[in-house]
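Undergrad: Here the protein sequences come in this chain order: A, B, C and D. Residue 16 in our numbering sits at position 16 of the first sequence; the count goes up by one each step and never skips. Residue 35 in our numbering sits at position 35 of the second sequence; the count goes up by one each step and never skips. Residue 70 in our numbering sits at position 70 of the third sequence; the count goes up by one each step and never skips. Residue 241 in our numbering sits at position 241 of the fourth sequence; the count goes up by one each step and never skips.
Hints may be right or wrong, so weigh each one.
The list cannot tell twin chains apart, which means a pair is met if one copy fits it or any two copies do.
[To be verified] Here are the simulated lysine-lysine pairs, DSS-like style, with alpha carbons at most 30 angstroms apart:
#	residue 1	residue 2
1	K250	K217
2	K72	K250
3	K72	K217
Simulated from the structure, these hints should not be mistaken for laboratory data.
Protein chains: 4
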Amino acid sequence: MGSSSFRTGVWLVGARGSVATSAVCGAAALAGGLVDPVGCVTELPQFAAAGLPAYGDLVFGGHDLVGIPLEKRAQLLADGGVLAHRLVDQVRGELRAAEAEIRPGVSAGDGPDRLAEDLASFRSRLGLDRVVVVNVASTEPPYRPGDPLPPSALYARAAFTADCSYVDFTPSVGARVPAVAELATERGLPWAGSDGKTGETLVKATLAPMFAARALKVRSWAGINLLGGGDGANLGDPTVARSKIASKAKVVSETLGYPVTGPLHIDDVPDLGEWKTAWDHVSFEGFLGARMTLQFTWAGCDSALAAPLVLDLARLVARAHRAGRSGPLAELAFFFKDPVGARTHSVEAQFRDLCDWAAGLGSAA
Amino acid sequence: MGSSSFRTGVWLVGARGSVATSAVCGAAALAGGLVDPVGCVTELPQFAAAGLPAYGDLVFGGHDLVGIPLEKRAQLLADGGVLAHRLVDQVRGELRAAEAEIRPGVSAGDGPDRLAEDLASFRSRLGLDRVVVVNVASTEPPYRPGDPLPPSALYARAAFTADCSYVDFTPSVGARVPAVAELATERGLPWAGSDGKTGETLVKATLAPMFAARALKVRSWAGINLLGGGDGANLGDPTVARSKIASKAKVVSETLGYPVTGPLHIDDVPDLGEWKTAWDHVSFEGFLGARMTLQFTWAGCDSALAAPLVLDLARLVARAHRAGRSGPLAELAFFFKDPVGARTHSVEAQFRDLCDWAAGLGSAA
Amino acid sequence: MGSSSFRTGVWLVGARGSVATSAVCGAAALAGGLVDPVGCVTELPQFAAAGLPAYGDLVFGGHDLVGIPLEKRAQLLADGGVLAHRLVDQVRGELRAAEAEIRPGVSAGDGPDRLAEDLASFRSRLGLDRVVVVNVASTEPPYRPGDPLPPSALYARAAFTADCSYVDFTPSVGARVPAVAELATERGLPWAGSDGKTGETLVKATLAPMFAARALKVRSWAGINLLGGGDGANLGDPTVARSKIASKAKVVSETLGYPVTGPLHIDDVPDLGEWKTAWDHVSFEGFLGARMTLQFTWAGCDSALAAPLVLDLARLVARAHRAGRSGPLAELAFFFKDPVGARTHSVEAQFRDLCDWAAGLGSAA
Amino acid sequence: MGSSSFRTGVWLVGARGSVATSAVCGAAALAGGLVDPVGCVTELPQFAAAGLPAYGDLVFGGHDLVGIPLEKRAQLLADGGVLAHRLVDQVRGELRAAEAEIRPGVSAGDGPDRLAEDLASFRSRLGLDRVVVVNVASTEPPYRPGDPLPPSALYARAAFTADCSYVDFTPSVGARVPAVAELATERGLPWAGSDGKTGETLVKATLAPMFAARALKVRSWAGINLLGGGDGANLGDPTVARSKIASKAKVVSETLGYPVTGPLHIDDVPDLGEWKTAWDHVSFEGFLGARMTLQFTWAGCDSALAAPLVLDLARLVARAHRAGRSGPLAELAFFFKDPVGARTHSVEAQFRDLCDWAAGLGSAA
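Turn these sequences into a full structure, and let the hints guide you.
TA: Right under this line is the structure:
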């Protein structure tokens, strides 16, 4: 069975952010055959028979607190070199359609009731088979049990209340608040998270198993992330950054099985805009005490790295929902820095798990 | 079944080179419990039940054309920061024992007959269960069918003639000359190769699958290797380097399934001594045409990277010999840049193949 | 005395190349106040009183062998991220005016007579005070005495024949052929060269004096340059690259006063387009034999680095011409990799020489 | 006049630290002709006629709070690859002589009176012409007016009380406390500081003028310093690091004349020992808005970089003392991150100032 037709709502929390804007533009461009599916995992041959919704079957809406319309945001991304100006012209209709489905978001302390209604209304008005809510809003400070529920958890609860599936693309707590996760299980809804693995951590998680397999002893693994844009401004705040640093730092020591010294910084460098640069320095010991190093510099565009994964996750989680899967989807660990329920941080092992799972979906409902 | 006692000869072609010297020192240090087995793949838990010969059961000899004794070579390595001076003192006895078993090597054009006799004599005089010949000599220029057999092939033929197994740790043709490979099969002997994957290529082969799994399009992959020592002087010769460059270049395009532009240089920089530094620059395309880059710099000690793999291979091939395996051992692809019979260049997939195979050995003869 | 009004012809050899196109766009944008003079040395305060022609007084023409018009070339540069699309629209008139003054260039073997006539006609038709010819064409293979004169020398000879000044922005031999240099002296014309110092060599020439001043001993200095575009394709040819590599390699050993091992590569990596990336690795020795390294990676846009220097040189050489200077201008060493008559490779010393000279120009004719 | 014979005491505050130990070993090795003067600025030809004390005329003593003797410290440095083991054997006598002149240091709150007596006793007992006190102790937290005098200021005051000259090789406040600086002036004593410019900042101060001279606009300059040893442990404390970060950060914006965004980190990575690695990322804008980057990685040995400068400064300040100079020596800015009274951060301009000054010394008393 190939790509199957079912109209799927993709409700983006942070719908006017860079990642969301790139995702909406990209889905339209892919549906229209305007671009090649570069960066799209679910367009690899391994997913051809998984019965995923086509890009043209994705319908976008979302919540946001800021008022700059999607067309304007797309224009700004094109000015920043993320998208071609020509492409923005070509998908203007789809940007307007998505813009018409954006509703005001919530701040900490707001009541969540309206959120679920927004979702139910989106599904019924547009005649969608199902809706997947994807959180691509700004990272929140770490959540501690007993705190009032932060917006990410309100959105996740609203998703489950309205019988939608849910994806945590940020390190915010979201569906991981126990009461919210239980709600998903009760209502038989699947969800996935947390924190999209788009750049430096992807490389770390790829390299760390190499040291393990060669019995080389990693002595320290230091890293610095320079980024601009809204993400830079938000993560430049040390309190907020703590959430992200925690999910980034686990990968190395959990893969190697021993603690590794590792200063890890996230800095706001506004002139970099949507582009981010990470430098990592790995000091390791080899045979007979020889001291060696590996350094890498990753220079990427944050929204171009994240947006196709948002589309991949929306397609996969919507498909899992249709197939009747419920609760956290550990098989999607490949996409996340801090994967819920994952057995390994190895990128390659996670990719095999994902492909095996996708193969199984092909024969599901 | 744990580590089993069987006395195994390790006959090093290039027995007075840096890699061989480090391997002899290291085996003695490991046997004596003087160092931790850092860099030793076969000391990982996955190999505990494979029935490999213990480090203390390895007995060294070899061929070489140069006359500087092993003790002196070890001293020079210690001066260069590769080994601790203290360690050289501690393993002086073992260095002398190995030195006593080094015989003159052959140059292109020499008759090979004596080589097999040297091997047979080594085995019988020292009462060894079996002998594995490992080529760690200087890389030869590329071999073309019809050329006279180069030394690497003479050594491989001598190994098989004398009922020894064989490992090609260099890119030289060795056992891959068809008539030589057939001899191994006729006589039921296992062999492995080619070209130890110790540094830059290990990182390349680890990273390339990441780009594939994420559907990112690699547009170019350029690299430069700076190295000193005898290896630098030898590979700084463009004719000789061609062998090595060819085995290094395959990895990326064979992993990705499409041709990738990739200038690749090996340069002799004498002041670096045993240390080598490689820089790679990967230019890749992401979603909607975004252009991104990954760079890495690897700074390692060549002999410290190679020597433990030589010991790993000697243990594994000797064990395969005892288990009755014959012909090229594709399961050892993990160790090689240009692995004979390998199904994949993915380091992680190769490691799984290796571990599965080692697990199977545990129940073999 | 501030910027003085005198209409100056800038005749670009390679007038439809990326550097020339960027220079024409940039001069128009600067004249119109559309952009800040970033990258423009002659807009620093030290040059305010030198009496240089204003950007609006520069009138462009040139020779080229290719037929793609300037407007189209500017469009392609904008697609490649070198210029803003908006800017191309704003300077369309100036691009067309320059396009109307482009004449067919010569190949090796052509007679040069027509070239001088093209220059004289340009000056008289457009009523220019004087004309400076700037060679920004593709690099030629090295010239040996006795060879037929290559195009760069034909252009230089034509410049001097037509009473124009001349700038060698490439490593081609140009005005350095003795008979051509003598012609300049005979006719009292100034010229400058060779090989614009835009990227890696600028950094090398800045860093090398630091090692000298600190008495640190550089043991090797290796470098690799990855570049695309026409320059990449041309310099990817090893014969041609030899000219450029020779001018790049001198800097370090001439600054330090002793020979330094230094593999140096220039590679064509087409996907990089106008962008070039250089990596340098410096191995040096410190106190009591300590071994240390400095690496740098420079990622720049070739035409954006070169174009403002072309404008700087045109302004300065035209001014020198007006002031009656004749022969090679050693004071412009700051701009060149292989500066004619220079006393030092130190970037800072060259900058002081330049500023001192410019100050002297202020009181000249 | 060449190197003149006058016996000069060098009193090291932090006399058993890595820098001090390397300085003592190095002076002995240089005096004995055992090593070349690599890293020794004052051995360049420009200083040949300055009348500096010879290495053999330097006599060492100092204060320290830790009790590990110099011989043991030198042994540890050799184990860490900083010095050759052989060298330690060769200078054992000199290490013991210096060890015999080490007195207990002070902590915050101690009375300073004894310190001046230690200095006077050292000078008289050993018959020294003069003594220069050099602070190479751990960096202190920032000093605010009104705080009790920290040890660095107590040592500086003691130096001046005892008619010694003084060098602040750390960012600690030392002689910059106004009352202490006034004491130096009153007593006609020279001093120099602050914070030896040994690595990353040396490279920054070398590169920043290049951007200025080329009119390139630096948009951000981020940096991270990884270091181990006692310095790493001390500077890993954010309060202490503030002193050092402040002196490092000034260089770029003061050179360029406009504020530059620049996250700057110092991290303790214990496994690096005496070695430190810094990575800097410079984002800059060129012509017509083109965005470019320069990255560098500096991997050096802290004590091998600092020790020869300590010797240079001791020789120069002792010579200035003899020549009757008084107060802060702005001409020594070349050696410092935060140079007292300096007119420029340009390394090359500072080097010229230094050489000019040294030339003047040759004809002084």
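Undergrad: The structure should be examined with respect to each hint, and the outcome stated for every one.
TA: Quick rundown of the hints versus the structure:
For the identical chains of this complex, K250 and K217 are neighbours both inside a copy (17 angstroms) and across copies (28 angstroms), given an alpha-carbon limit of 30 angstroms. With identical chains, the CA atoms of K72 and K250 are never at most 30 angstroms apart, being 38 angstroms at best within one copy and 39 angstroms at best between copies. Taking the shortest alpha-carbon separations for K72 and K217, only the inter-copy value of 28 angstroms comes in at or below 30 angstroms, while the best intra-copy value is 50 angstroms.
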